[in-house]
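For the protein sequence lines, the chains are S and A, in the order given. Number 340 in our numbering belongs to position 340 of the first sequence; there are no gaps in the numbering. Number 1153 in our numbering belongs to position 153 of the second sequence; there are no gaps in the numbering.
Treat the hints loosely; a few may be bogus.
Pair by pair, the computed Cβ-Cβ distance ranges are [what the hints assert, rightly or not]:
| id | chain 1 | residue 1 | chain 2 | residue 2 | range |
| --- | --- | --- | --- | --- | --- |
| 1 | S | PRO415 | A | GLY1168 | 49 to 55 Å |
| 2 | S | GLU332 | A | ASN1045 | 43 to 49 Å |
| 3 | S | GLU332 | A | THR1150 | 52 to 58 Å |
For lysine-lysine, the following DSBU-like pairs were computed, each having C-alpha atoms within a straight-line distance of at most 35 Å [claimed, not checked]:
| id | chain 1 | residue 1 | chain 2 | residue 2 |
| --- | --- | --- | --- | --- |
| 4 | S | LYS556 | A | LYS1068 |
| 5 | A | LYS1113 | A | LYS1153 |
| 6 | A | LYS1056 | S | LYS213 |
| 7 | S | LYS21 | S | LYS419 |
Hints in this document: simulated from the structure, not taken from any laboratory. Virtual Cβ for every residue (Gly too), placed ideally from N, Cα, C.
Here are the chains, one letter per residue:
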Amino acid sequence: MATTYRICPRTGLQFDTKAEKLMRWNAVAGVLALLVGGITALLVILTRWPAVKLLPADQFYMILTAHGVDMLIVWIIFFEVAVLYFASSTLLRCRLATPTLGWVAFWLMVVGAIVANVAIFGGESSVMMTSYAPMQAKPHFYLGLILFAVGALVSCFIFLGTLVVAKAEKTYDGSIPLVTFGALTACIIAIFTIASGAIILIPTFLWSVGYIKEIDPQMYRILWWGMGHSSQQINVSAHVAIWYLIAAVVFGAKPLSEKVSRSAYFLYILFLQLASAHHLLSDPGLGSEWKVLNTSYFMYFAVMASMIHGFTVPGAIEAAQRKKGFTKGMFEWLRKAPWGNPVFSGMFISLVVFGFIGGISGVVLGTEQINMLMHNTFYVPGHFHSTVAGGTTLAFMALTYLLVPVLFKREIIMPGAAKIQPYLFGIGMAATSLVMMGAGTLGVSRRHWDMAFSGAPFQYEWPGSAYLMMGLTGVFGLITVIGGALWILIVVGSLLFGKKLEEGTVSAKRTPFAPDTVASSVSSTGNADHVAVPGTMALAGLLLTAFVLYYFVNWKYLSEVWQLG
Amino acid sequence: MSAILPPAQRIWWKQPIDKIEWTWILIALTWSLFMFGMMVYWHINGKQNLSTEVYKTTREMYAAKAEKMVSEYQIRTETEQNIPVVKVPEGGDAYLIARLWQWWPILELEKGKTYRLHLSAMDYQHGFSLQPVNINIQVLPGYDHVVKITPNKEGVYSIVCNEYCGIGHHTMLGRIYVK
Chain S
1 MATTYRICPR TGLQFDTKAE KLMRWNAVAG VLALLVGGIT ALLVILTRWP
51 AVKLLPADQF YMILTAHGVD MLIVWIIFFE VAVLYFASST LLRCRLATPT
101 LGWVAFWLMV VGAIVANVAI FGGESSVMMT SYAPMQAKPH FYLGLILFAV
151 GALVSCFIFL GTLVVAKAEK TYDGSIPLVT FGALTACIIA IFTIASGAII
201 LIPTFLWSVG YIKEIDPQMY RILWWGMGHS SQQINVSAHV AIWYLIAAVV
251 FGAKPLSEKV SRSAYFLYIL FLQLASAHHL LSDPGLGSEW KVLNTSYFMY
301 FAVMASMIHG FTVPGAIEAA QRKKGFTKGM FEWLRKAPWG NPVFSGMFIS
351 LVVFGFIGGI SGVVLGTEQI NMLMHNTFYV PGHFHSTVAG GTTLAFMALT
401 YLLVPVLFKR EIIMPGAAKI QPYLFGIGMA ATSLVMMGAG TLGVSRRHWD
451 MAFSGAPFQY EWPGSAYLMM GLTGVFGLIT VIGGALWILI VVGSLLFGKK
501 LEEGTVSAKR TPFAPDTVAS SVSSTGNADH VAVPGTMALA GLLLTAFVLY
551 YFVNWKYLSE VWQLG
Chain A
1001 MSAILPPAQR IWWKQPIDKI EWTWILIALT WSLFMFGMMV YWHINGKQNL
1051 STEVYKTTRE MYAAKAEKMV SEYQIRTETE QNIPVVKVPE GGDAYLIARL
1101 WQWWPILELE KGKTYRLHLS AMDYQHGFSL QPVNINIQVL PGYDHVVKIT
1151 PNKEGVYSIV CNEYCGIGHH TMLGRIYVK
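Work out the full structure, taking the sequences as your base and the hints as a guide.
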């Protein structure tokens, strides 16, 4: 199984030709899913905007199901598979294990995604992303998801196999790079997630074809969230790895300390999955002790890990910038950062939106008692749009600006538009998330077609501010969709019409790491190279202040409602 | 660019950790432990905790109990569908049925008095969302969830279903009177 290796003349990265092709195809499949997800997003927004209310109820619920599945599963996981192949074969300068199996995995995922979409758009499978039993979809809805998951699982094992190949063929010295370590974390969580998905999706499929009579709704929820929330933790691990990657490429930034960053990833492996219990806080069938233990104690170790990454990523950038001489005051390093480069601006906005909006709202939402104020309200999609769309998707978009010239050997077209795209999408998404949370705080429910309750036996009028918030969700949502469409336009346009770039040298033999790279990059902690990072500490202090204030505001809200016990 | 290269020091796990990083880690840990303590504290001193009193039930058993309650305490009916309005005695069991696409019956409660509110669904999962108070509880078929409630303000309250339950989801609106 001979392959060739290409050295990218722009970055010096080395690509296994077979792995490169897989990365390209997985990324393209992801972008296509994002296109479908974007169109459905537009329709969802235009329906929930009270002044517009575009679709009838049945179509709205169908489109909303498609939006969830195509965005949260298909787009993100295809892209993550590309990242896994990159973080293993490219960063370790080795060949990809079993590329043929990589194609089997790819086609399984493609077929699975198509089958699930056929089921959704065929109607009668409008069961939402969560597809809670006993509400039933058509069998091929579950079957499509199972096929997709099997494909993703195979990709995870190819990633692990590639690590083994690299170790056996001694392509690197010492430990794997931090970014690969992050990808490994994502992979381990992915395997757990898919196992949990198999435990619940396979019986659900058998139930939909009639072999199993009944599925206990509480048991379904527990197992489903073992997959549902953990799958979002794959994203967190992956996009944090991309933050480190972009910081390294754009600034030459080194982690402040390998030990701290890697330990934080390790906390993810140990605790993030248990955090999925926070979806079950308003459920009847589980005890308070179980809820408090899982969603607080264990989740908070994962929260702590995210707080650590939120510190070490900008800290690494600050240290690198200060070494370059941007030492004036607390924030010169940040002011003089390349804000016109979409790779950096996308990454940094992703970091801020994920940390400040997604992180804080996630913890508040995951507090056992406070959850009662937000469970199943519009606050929930507000939270996950700031984490998954503002955090993960934006980080992936930023990475793409880096990868189009490297992987696809094309120049980015419309550089002016590319400059503003991360701002349009990132700030649009941040604003959308905030007004969604506002509407949720006022009680507006999620997955609800009609705020006016037409056809209901009674009337209930939401407060005027709730209508305002939903209107603003429409406006900001539209801006975000434009930002997303612009990204697709730039990326697809660049692939088709971008100026072809030099391919670089292709050789049948691997070129190992330059022998001096490892030795010459001295770690910064504990030696003369060490740089203080007061700016990052100030930003972290700001985050903590916002966090504490918002946390207590919600306890105050809670203390004013009916007494419950 | 060491985040994308193997770490400079082979034995990275023995590297010292910088003071500023330690500071932030300790702050993050303290805050996490505080948030954990806050939930336990609220169980002891707070007045809003979700009850854990739950019984397995069946659709038939639960519906029979609700109908018995209605036949005992019904005071009138409302709307064209003649939904019964039930005045539950203080401390009594108030059964609420969630089904496609209705909350049944209407409850009439008194301010400051405590009731045992039972929640269960007949078909799919539903969401009990009390407005404008904004208390949200998941309602599952097969589970009888008993929540002790003490309304603190008079008024007309609406129960919005906030778990997607099919095409008529948005018409599933219930009512509670507090007098």
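Evaluated hints:
1. Distance hint check: the CB atoms of PRO415/S and GLY1168/A are about 51 Å apart, consistent with the given range 49 to 55 Å.
2. For GLU332/S paired with ASN1045/A, a C-beta distance near 48 Å keeps the hint of 43 to 49 Å intact.
3. Here the CB-CB span from GLU332/S to THR1150/A is close to 57 Å, well matched to the stated 52 to 58 Å.
4. Taken as a hint, the LYS556/S and LYS1068/A pair is broken in the structure, with Cα atoms around 39 Å apart against an allowance of 35 Å.
5. The straight-line distance between the Cα atoms of LYS1113/A and LYS1153/A is roughly 11 Å, inside the 35 Å bound, and the hint therefore holds.
6. With a C-alpha separation of about 18 Å, the suggested pairing of LYS1056/A with LYS213/S holds against the 35 Å cut-off.
7. Of the supplied pair hints, the one linking LYS21/S and LYS419/S holds, its CA atoms being roughly 28 Å apart against a limit of 35 Å.
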